Every structure is written in C-alpha cells, then in structure tokens.
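2 protein chains.
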Amino acid sequence: MKKLLLFSILCSLSSIFNPAFTQKQDSIMISRIFADALTHPDSYKNLEYLCTKIGGRLAGTPSSLEAVKWSEKVLREMNLDTVFLQECKVRYWERGEKETGKVISLKAGNHKLNPSALGGSISTGEKGITAKVIEVKDYDELKKLGKEKITGKIVFINHPADPALFNTFAAYGGVAGYRVRGAVQAAYYGAIAMIDRSATTAHDEYPHTGIMHYADTVKKIPALSLSTNESDRLSQWLKSDPELSIFIKSSSIEHPASVSYNVIGEIRGTEHPEEIIAFGGHLDCWETGQGAHDDGAGVVQTIDILRLYRSLGIRPKHTIRAVVFMDEEMEQKGGKAYAEAAKKMLDAGYWMLDKNDSAVNSRQSTVGSRHIAAIEADRGGFTPWGFSIDATDEQVKKVQSWKNLMLPYGLYMFEKGGSGVDINGLKSQGVPLFGLVTDWQRYFDYHHSTNDSFDKVNIRELQLGTGAMGALVYLIDTYGL
Amino acid sequence: MKKLLLFSILCSLSSIFNPAFTQKQDSIMISRIFADALTHPDSYKNLEYLCTKIGGRLAGTPSSLEAVKWSEKVLREMNLDTVFLQECKVRYWERGEKETGKVISLKAGNHKLNPSALGGSISTGEKGITAKVIEVKDYDELKKLGKEKITGKIVFINHPADPALFNTFAAYGGVAGYRVRGAVQAAYYGAIAMIDRSATTAHDEYPHTGIMHYADTVKKIPALSLSTNESDRLSQWLKSDPELSIFIKSSSIEHPASVSYNVIGEIRGTEHPEEIIAFGGHLDCWETGQGAHDDGAGVVQTIDILRLYRSLGIRPKHTIRAVVFMDEEMEQKGGKAYAEAAKKMLDAGYWMLDKNDSAVNSRQSTVGSRHIAAIEADRGGFTPWGFSIDATDEQVKKVQSWKNLMLPYGLYMFEKGGSGVDINGLKSQGVPLFGLVTDWQRYFDYHHSTNDSFDKVNIRELQLGTGAMGALVYLIDTYGL
Chain A
981 MKKLLLFSIL
991 CSLSSIFNPA
1001 FTQKQDSIMI
1011 SRIFADALTH
1021 PDSYKNLEYL
1031 CTKIGGRLAG
1041 TPSSLEAVKW
1051 SEKVLREMNL
1061 DTVFLQECKV
1071 RYWERGEKET
1081 GKVISLKAGN
1091 HKLNPSALGG
1101 SISTGEKGIT
1111 AKVIEVKDYD
1121 ELKKLGKEKI
1131 TGKIVFINHP
1141 ADPALFNTFA
1151 AYGGVAGYRV
1161 RGAVQAAYYG
1171 AIAMIDRSAT
1181 TAHDEYPHTG
1191 IMHYADTVKK
1201 IPALSLSTNE
1211 SDRLSQWLKS
1221 DPELSIFIKS
1231 SSIEHPASVS
1241 YNVIGEIRGT
1251 EHPEEIIAFG
1261 GHLDCWETGQ
1271 GAHDDGAGVV
1281 QTIDILRLYR
1291 SLGIRPKHTI
1301 RAVVFMDEEM
1311 EQKGGKAYAE
1321 AAKKMLDAGY
1331 WMLDKNDSAV
1341 NSRQSTVGSR
1351 HIAAIEADRG
1361 GFTPWGFSID
1371 ATDEQVKKVQ
1381 SWKNLMLPYG
1391 LYMFEKGGSG
1401 VDINGLKSQG
1411 VPLFGLVTDW
1421 QRYFDYHHST
1431 NDSFDKVNIR
1441 ELQLGTGAMG
1451 ALVYLIDTYG
1461 L
Chain B
981 MKKLLLFSIL
991 CSLSSIFNPA
1001 FTQKQDSIMI
1011 SRIFADALTH
1021 PDSYKNLEYL
1031 CTKIGGRLAG
1041 TPSSLEAVKW
1051 SEKVLREMNL
1061 DTVFLQECKV
1071 RYWERGEKET
1081 GKVISLKAGN
1091 HKLNPSALGG
1101 SISTGEKGIT
1111 AKVIEVKDYD
1121 ELKKLGKEKI
1131 TGKIVFINHP
1141 ADPALFNTFA
1151 AYGGVAGYRV
1161 RGAVQAAYYG
1171 AIAMIDRSAT
1181 TAHDEYPHTG
1191 IMHYADTVKK
1201 IPALSLSTNE
1211 SDRLSQWLKS
1221 DPELSIFIKS
1231 SSIEHPASVS
1241 YNVIGEIRGT
1251 EHPEEIIAFG
1261 GHLDCWETGQ
1271 GAHDDGAGVV
1281 QTIDILRLYR
1291 SLGIRPKHTI
1301 RAVVFMDEEM
1311 EQKGGKAYAE
1321 AAKKMLDAGY
1331 WMLDKNDSAV
1341 NSRQSTVGSR
1351 HIAAIEADRG
1361 GFTPWGFSID
1371 ATDEQVKKVQ
1381 SWKNLMLPYG
1391 LYMFEKGGSG
1401 VDINGLKSQG
1411 VPLFGLVTDW
1421 QRYFDYHHST
1431 NDSFDKVNIR
1441 ELQLGTGAMG
1451 ALVYLIDTYG
1461 L
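Read top to bottom, the protein sequences are chains A and B. Counting in the numbering used here, the first sequence runs from 981 upward without gaps. Counting in the numbering used here, the second sequence runs from 981 upward without gaps.
For reference, chain A alone in the conformation it holds in the complex (with noise of 0.2 Å):
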C-alpha cells in the first residue's frame, strides 16, 4: 500500500509536468484495473452464491429478501464507508404451481405442453383452460380474423424473433410487445386465453417468461409461453389439425404489495464527497432460472469495483456508490426509488442517508450531493464491448476520447444510447447516463427462462466486465464529464 501511494504521489507530481506521462498513468492504472478484475474473481464467487445458494428471487419473494440480506452482508464485509437499505413497495407476484399444458387431438396426436405463465398474468384458475386454438403471427392478422373467429379461444401468437439481426436486442426488441400486450389484444377480440411463442434469438425447450400488462378497459385473460421449438411444433400440429384443442393451467397468485430494498455502498470521495458516481445492476429475476446473466452478474460487478478500489488501493476523489436495485422485472420500484430520493436531495441541496441506513462505518451525510455520472450492467456477464451513452454531445466525445485507453480490453463502442432501466429516472435530473454493453450474441439464449443458471457463465467473461466499469468509473473520477 505504502509503495502504491508512493507511486501515486510520484506520478501527480511528474503529471504536471509531463501531459504525455498522464496518458500512460491512465494506461498503467487501467491495465491495473483488469489484471485485479482477472486475478480476483470475486464477482465469479458471488455470483455462484447468489444464484446456487439463494436462486430465484423475484421482488416481493422471500428469497429477494434474503438476496437483499445476502448484498448487505456482502457490502458491510468490505469495509466501505456506508452501506445502507433503501425502503420501496414492490408487487409481489407468485408463478404458484408448475405450470401445465396439453395438445388435445385425433388427427395430431396427443401431446404434453410445457407452458410458463408470464410475468403479472392471472391464473387459469383450478381447472385450467381447455380451447381451440388460433395461430397469428401478429395483431393484423388478429384484427383480420375478427371477434368472431377469435371470441372463446386461445390465441398463439408465433412471431420468431429475426435471426438475419445481429443486434440480438434488436431481435427481441421486435417480439418482445407481443409478450408485453399480446393478452390485452387477443382479449379485445374475445379470446379466453393468449399463448406467445418465447421472445428470444435461440431454439430451444425453454419457456422465457417476462412481465405482461393488462388494460383496465380490456377483460384480463391468462398468458403463458411456450419455447420455440413447441411453438414450431404446435404451429405443425395445427397444420394438421386446425381443430384441436389445448388445455393449460397456470396457478399463479397477486399478493399484497410488499416492502423492499435498493442495497447501497459507497467509498467517499477524498475532495469532492458531494458528487457521486453510481453503478448498479438489479438484484431481482425471473425465478424459473437463477438470473445469473440477467441479472446477477451486473449486481456482482458493480458491487466488485468496490473491492477493486480497496484491493488497488485507490482513493476516489468523488464517491463512488454501488447500488443493488429491487424490482428490475415486474415494475422498477427501486429504480424509482433510488431517482426519487436523488431528486430530492438535489432539491434540498443535500444528501439525505435513507432512514433505515444502519451503517456501521457511515459518516456524516453530505451537503449538496448529486450524482456526476451513473452506470447499469443488465446485459449479461458476457465479454465486454463498450459502453452506451446517454449524455449530451460533449459528454459523449469526451468519453469517446478516452477510447484508446480502453481498446487494449476489448472496448471499442462508445456510442450515443440508452442505459439501463433503473438508473433512467435520473435522465431528468441531467447525469449522464452509461449502460454496458457486452456481446449479446449469447444473451437471450438464457433470459428469462430455466437455462439462466451460473454455469453458463465464464469467469473471464465475467470478471471483465468488472474491469470495464472499474475502468471508466476511474477515467470520470480522474476527468469528471
């Protein structure tokens, strides 16, 4: 430690001489910043807990209750300079039973389905739906066929995600509303039920569930998802029998709202405590998988550039605060929370510690605070590629102009975009806004769905998404934005 300070000492003084030597101060730090990502898998070890040992945890579930526990105790062990809960209603959803499903049919045969209700959707009730099914690729067709085709029927709505994109997001962007608004469609035209074929890039056994929306002027109906493969063989099966039936249920249960938490630690910076640089990912997942890619990993990361901070010995002149948001999937209560409370301590001019903050290291709350930049990672714990940027023009280049610095670990897109869900409503407050972005090839393979399990993550992939951030957290920190 004692050398490092020397050297840091060392190198400020030389700085101000020498601008060419700042560059390769920057160089050296980075370069430090990944070889500490890659040689300490912290994250990796984290991430193994979180989702082996604690699993599913959808805001409102025990279980995220018990990962909000598991983020506190991880961030109080790393001796940090304050580690507090922050307070937010959440729903509370539960999938309840298995969900089950059958093909009913003479001419098609008989067949076992493997459906998953979708997020927020009502059950089908104790004895499920049996029906007629209605294949649609997408809402013209819907329109097309009328009340009186579709009234007393389940709707299938088997819209593949585009594989000719190689923007994955793309892809999904372009199926994910049938998901999203696919009931409350297929419900205006009288159908009982509404089945969606898994808005995802992969072929698989896998249902990938994720939040649906009902309307209030539309009859709520179930919703459930079938995998890609079934779906394409389901779309068979009507193809030789346009009159079968399917049978589903689902059992899933609306709980009271429940009390919740962001989990926040934070190192203080040595000049200028006020302004904040904050990164998060979000805690809450899908509980048919672990939510390891989405959204462990980012939780993981984030929380890891904390340790890299202590590990290398660097002391931030801004604070730099990881923030576990709750409720990432069903309705972003904890980011909403987090943009609220930030919001008002800029009205007020100063920083208010959230009341539950029972931090054993914390120190007096700082006037005037306000968050300088703010980074998400919700896009899995895969190789690195760069950032996207939501910030003025300005600001933009002026990461951009950072980018040779980063190239050397594989980042090489800095481009104007969005970030990330939870820190969004901090856009209005002005703070330029980061999301990482990482090869999004895999991604969708796994969302959502069983497959998103720790063992389909790799440790290097992982960890270098903690030096990314660790990176650019320490390039805003050194250069401001």
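Keep in mind the hints are simulated off the structure, nothing from the lab.
Any copy, or any two copies together, can satisfy a pair, since identical chains are not distinguished.
In the DMTMM-like style, the derived pairs of lysine to aspartate or glutamate whose C-alpha atoms are separated by at most 25 Å in a straight line are:
hint : residue 1 : residue 2
1    : LYS1025   : ASP1142
2    : LYS1436   : GLU1028
3    : LYS1025   : ASP1184
4    : LYS1407   : GLU1067
5    : LYS1033   : GLU1057
6    : LYS1436   : ASP1142
7    : LYS1117   : GLU1223
If you're wondering where the values come from, they're calculated on a predicted model, not measured in any experiment.
For chain A, the structure is supplied; the task is to place chain B on it using the hints.
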C-alpha cells in the same frame, strides 16, 4: 436470381456516376452476407456432423480419412467449379489405451490421476513408470536442481498461465513451451518422465494435450499432461509429502507415416480465374475431444463461404477457394504441401490440378495462377472481432479503410499480426495473409481437451465467423489488395 443480376447491373451502372453509391452498395452486400450467414446455419449443421458423427480425427487415423471423405462429399454436393484432394504424407501417432495414473503416499494418501499423453510422446511401456516427483515452475528451477536431484525422477512442470492477461493467446504462449520442450529439458537432467500442467487459462478437470517434441541429442522420455485442478492438488500433496511417488501409464504407438489429403473446393473467378483468394481451417484435431472449436469451426465456416456465394448469387471476379487442411496439430504437412504446390504453380506459371483430381465439374486448369490473399480460421467459433493481417503496410491500410463497412457487425480489429499455421507457407511467396480473430476468452477452456465438443459452440457466434470471412473475401474480390 434474375432480380439479383438486375440489381448487380443497376449497381454497377450507378457506381460509375456516383462513388458514394459504391460505398452504399458494399454496405448492402455486406449486410446480405451477414444476414445469409445468420439465417442459413450450414456451418453449424456441418459442424454437428463432423463433431458428433466423426469426432476426434488426428492426422493419420482412420477417422481423419473419414473426415476427408466427408469434406469432399460436402464440397461436391455444393455444385462448385472444382473439387479435388491434394495428397500429403502425415505422421500417424496413436494414443492407444486411455492413460492411467495414481499418487502413492502414506502421508498424502493414494489418489487416482487422470493424465493425457502429449501428442508424439513415447509410451511408458506396459508396466508404466513409478517414481518420485520433482515439481518445478520453470527451466531455471530445473537447472538449479541439476542432474543429481533429478536423475531417475519424474519432473512435474507446474507453471500456470497468467490469468491477468486480456489476451489468452499471450497467456497460452507463456506456457505452451513447457509442453512442447519440457520433456527434452527434463530428460537432459536425467528425468525418466515429464508431466506438465495443462497449457490453458481454465481451472478445470480436463487434461489438455498438444504436440511435444524430442531432440536427437537427448533421450526420449514419456510426456503427459495433468489438468490444472489436478496439478494444483498434486502440488498440495507434494507439500505434505515431498517423497511421494506417482505411477503413470500410457501406451501410445508411432505407426509408419501414411497418406492423407487436403480437400479443396472452388468457384472460378469470372474475370481473373487465375487469381485465387484462398480460405481454410484444419480438419485434423486431437482425438481426446471432437475438435469443435479447434478447428472444426474453421473448416465448416470456410466451406460455408462458398455456399453463401452461391446462395446470394455473387459471381466472384477472382477464384475463391476453400482449403480444408490436414495435419495442423502434428507436423503441418497439409499446409506445407499446399504451399509447395502453390510455389510450383507460381514458378511454372500455371496451376496444375492435383493428380488425384476427380472433380465432376472441374474445368480446364488455369494458366498463370497465383494467390492474391489467404485467410485462416483457427481460433475457435466465437464472436468474430476482426482480422490479424500479415501483409505490407499499404495492404494493411487498405483493409483498414474497409473498417467502417465491417464495424456494424462487431468487427473492429484490423491489425498487423500473424495469420495461421496452415497458410503461413504462402508468406514467402508474397501472399497477403489473414487470420480470423475471434473472442478469445473461452478458447483455451476447450482447446486440446475432451471439453472441445459441439455443445460448446453457439450457433450465432459460429455463423458470424462465416459472415466475417465472407465479407472480407467480398471486399478483396471487389477491390483487390
């Protein structure tokens, strides 16, 4: 097809009057190439067959000849202009029975070992070898111990790959030498066998094999590899009992050299049939695995470029040729045979079809043929990052001027560097060489081990590699180098 031709004619006409149109036209064509690669999973389907139906296929083995036949069949079914085999004489080393091993120690306990003979190693003999173990980290330690302490023992070289390096090929490069030359060094000091820590960045239970060499001046001793986890355990056991013995047994056989083949398929150029753009991977692989990433991926991708050209109706100006190389892992006899034949053609001023040519669709041999570029894919079927270019500065700059066309598909790396072992023989003939660079974080998890199996390959990542090379071939064909 007619529409495509009309489109091509219109594009050609427009480009005469508007250079910006040319850029747009290239951009459209490259987007089609990637879309075609992503929507026609032929690389993936072929890889599945090669890996799961043929499997391990070290040069000289019966299964390597089965793979040659299969490659020829695949190429013949593509209705190419020429398909032919090119003879080469290869070493035929056979692993024999599965290797066994155990630790024998009263203090540290008896433990099973799971070694893998290094490629080319002599056998331990039927009785195996039982001896004390000397652990060293490098040759310096070996030298310090000297003949007195080493004679009659088994040397265990336990040098971990550096996890801190972003570039796993650099980490591998730092340790692979112990595998290749460790037996010679150990035997020089009187060791009776050498075992090494697998040359990989992974922490796993798979021994990773690979070629090793003997020297004429030093006694040949058996050389085997232990997995990284087993190496860690053995090191621990040696700490608790430095006097422990181990037993190792391998039964490899060196057969007489045998005849094998490169498999070549091509589409003749419409304007310069005598100018060849070659691309290839190597068919042989270590027989402990299925050779999925090393290098089934490169084989199926390069074959698939020809299919892609047919599928899109692109008629190349130059001859484009897929070369399925034999014997990269042992002695690169396929690559050498290919370069020699190319040299002869170059010297003689014409391209002679191989005497084994029995191409159904072959045309007349092409007078004055020469290679204008060669591309090798031998870094696994992962997300492509770009190309390593072994060419003149001017040629590198020209390729870099195409970067903006490739960047939308994640290809950002176009740097001067090595290409691939199989095509390297063309270098002295002045041919610009390219190596497909792919995400290297996971490569050595699989490399040369049982873990290199088809299920470790992601369909989109693999197909993108096909697209990347298809796009480069298109640009070289259009603009030359």
